[in-house]
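Visitor: Residue numbers (the working numbering), protein chains in the order written: chain A, 1 to 73; chain B, 1 to 73; chain C, 1 to 73; chain D, 1 to 73; chain E, 1 to 73; chain F, 1 to 73.
Hints may contain errors.
[As the list claims (entries may be wrong)] The list that follows gives simulated cross-link-like pairs (lysine-lysine, DSS-like), each with its CA atoms no further than 25 Å apart:
| # | chain 1 | residue 1 | chain 2 | residue 2 |
| --- | --- | --- | --- | --- |
| 1 | F | 61 | C | 61 |
| 2 | C | 16 | E | 16 |
| 3 | E | 16 | F | 16 |
| 4 | A | 61 | B | 61 |
| 5 | B | 61 | D | 16 |
| 6 | A | 16 | D | 61 |
Source of the hints: derived by calculation from the structure; they are not laboratory data.
Given the structure is predicted, the values throughout are model-derived calculations rather than measurements.
Here's the letter readout for the chains.
6 protein chains.
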Amino acid sequence: MPIINVKMIAGRSQEKKQELVTVLTRETARILEVEPEWVTVVIDEYTRDNWASGGQLHSIKLGEGFGRQGTGK
Amino acid sequence: MPIINVKMIAGRSQEKKQELVTVLTRETARILEVEPEWVTVVIDEYTRDNWASGGQLHSIKLGEGFGRQGTGK
Amino acid sequence: MPIINVKMIAGRSQEKKQELVTVLTRETARILEVEPEWVTVVIDEYTRDNWASGGQLHSIKLGEGFGRQGTGK
Amino acid sequence: MPIINVKMIAGRSQEKKQELVTVLTRETARILEVEPEWVTVVIDEYTRDNWASGGQLHSIKLGEGFGRQGTGK
Amino acid sequence: MPIINVKMIAGRSQEKKQELVTVLTRETARILEVEPEWVTVVIDEYTRDNWASGGQLHSIKLGEGFGRQGTGK
Amino acid sequence: MPIINVKMIAGRSQEKKQELVTVLTRETARILEVEPEWVTVVIDEYTRDNWASGGQLHSIKLGEGFGRQGTGK
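Let's have the full structure, built from the sequences with the hints guiding it.
Guide: Here is the structure:
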C-alpha cells in the first residue's frame with residue numbers, strides 16, 4: 001500500500017500505461033514517504049457506454065475514442 | 001461529484017444504460033441539491049461467473065443472461 | 001444486486017439519505033427490471049479534505065459544508 | 001451484505017472461482033456471525049497490463065499468465 | 001495482489017478483524033495458488049445510515065448494532 | 001474523468017494531501033492528454049485496524065502511525 005486506482009476510458013497503449021504507472025508510483029512514494037515497492041496501481045478501463053457525466057453517456061455525448069482529440073476524455 | 005457507481009450483470013443496451021443514467025443523475029442532483037453537471041455515473045458490468053450470493057456463482061445458480069426473465073438479476 | 005455506490009461529501013441527514021436510497025432503488029429496479037429487494041445501496045461520505053477536482057482539494061477551493069449553498073458539491 | 005470484492009489477474013476457471021466463493025462466503029459468514037445468504041462476492045479480473053506494483057506493469061515484469069507458475073501474481 | 005475488499009457494518013473488534021483477515025488471506029492464497037504475502041485485505045466499515053437494501057436504510061430497518069443478534073446485518 | 005482513488009493510512013495533513021493531489025492531477029492530465037479540470041481525486045483513509053497484508057492487520061504488525069518512520073506505510 002498505498003493502492004491507487006485509476007478509472008479511465010479504454011484504449012491507451014501499454015507504453016502510455018507504463019508511463020502513467022511509473023510517475024504515479026514515484027510521486028506518491030516521494031510525497032507520502034513510503035517505499036515505491038509498497039505502491040500498487042490498478043487501472044479500470046471503461047467503454048464510453050459505461051461512463052456518463054451530466055446525465056449523458058459519453059458514447060452519445062462524445063462518440064468513440066478517448067483523449068483530447070476533438071472531444072477529449 | 002457526486003460519483004455514482006453501478007455494478008450489474010453485463011448485457012443491457014445503450015438505450016437502457018442511457019435511461020438509467022438520465023434518471024440517476026436527475027434524481028441525485030435534485031435530492032442532494034447539486035448541479036446535474038457535477039454528477040458522474042460509471043457502470044461496472046459483470047459476467048455471472050464473477051458474481052456470487054449465498055456462496056454460489058450466478059452462472060451456476062441462474063445460468064446465462066440477466067434481468068427478470070425466469071431467473072432475474 | 002445490482003450494487004449502487006454513491007460517493008459524496010459528508011453531512012446529509014438520515015432523511016436525505018433515505019430519500020436518496022428510496023428513489024435510486026425504485027428507479028434502478030424499474031429500469032433494469034429487477035426486484036427492489038435485490039438492490040443494495042452503499043454510501044461513502046468524504047470530507048472535503050479527501051476530494052479534489054482540477055488539482056485542488058475542495059476544502060481549499062470551496063471551504064467547509066456541502067450542497068448548493070454558495071459553493072455546492 | 002457484507003460485500004466482498006476480489007481483484008485478481010484474469011484467467012481462473014469457473015471451478016476455481018466457485019471454490020473461492022464457497023470458502024470466502026462460508027468463512028466470512030461464520031466469523032462475522034451473519035447468514036451466508038447475506039454475503040455477496042464480486043470478482044474484478046484484470047489483465048496484467050492494468051496491474052502494477054513497484055512502478056512496473058505486471059505484463060512487463062512478469063509476462064502473461066497468472067498464479068504461482070514461475071512468475072506468480 | 002490479489003486485493004480483497006470487505007464492506008461491512010462498523011463495530012467489530014480488532015480480534016474479529018484479525019481472525020477474518022487470517023482466514024481470507026490463507027484461503028485465497030491456497031485456492032489461487034499465490035503467496036500469502038501477496039494478498040492485501042482492506043476493510044470498509046459503514047454505519048447503518050450508509051447502507052440500504054430493498055430501498056431502506058439499515059438504520060431504519062434494523063436499528064443500531066451489527067451481526068446476528070435479533071436483527072442481523 | 002479520469003477518476004483517481006488513493007487508499008492510504010489515515011493521518012496525512014491537508015498540505016500533504018494537496019501536494020499529492022496537485023502532482024497526481026498534473027501528471028495524469030499530461031500523460032493521458034486530458035484537461036486537468038477533468039481529473040477527480042478521492043482519498044480513502046484507513047486506520048491500521050482495517051488494512052492487512054500477508055494475513056496480518058497493520059495495527060498488529062506495525063503499531064500506530066503511518067509513513068516511513070521505523071515501520072512505514
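Visitor: Each hint: holds or not?
Guide: Each hint, compared with the structure:
no. : hint        : result
1   : F/61 x C/61 : violated, 38 Å
2   : C/16 x E/16 : violated, 33 Å
3   : E/16 x F/16 : violated, 33 Å
4   : A/61 x B/61 : violated, 38 Å
5   : B/61 x D/16 : holds, 16 Å
6   : A/16 x D/61 : holds, 16 Å
When each numbered hint is compared with the structure, violations occur for hints 1, 2, 3 and 4.
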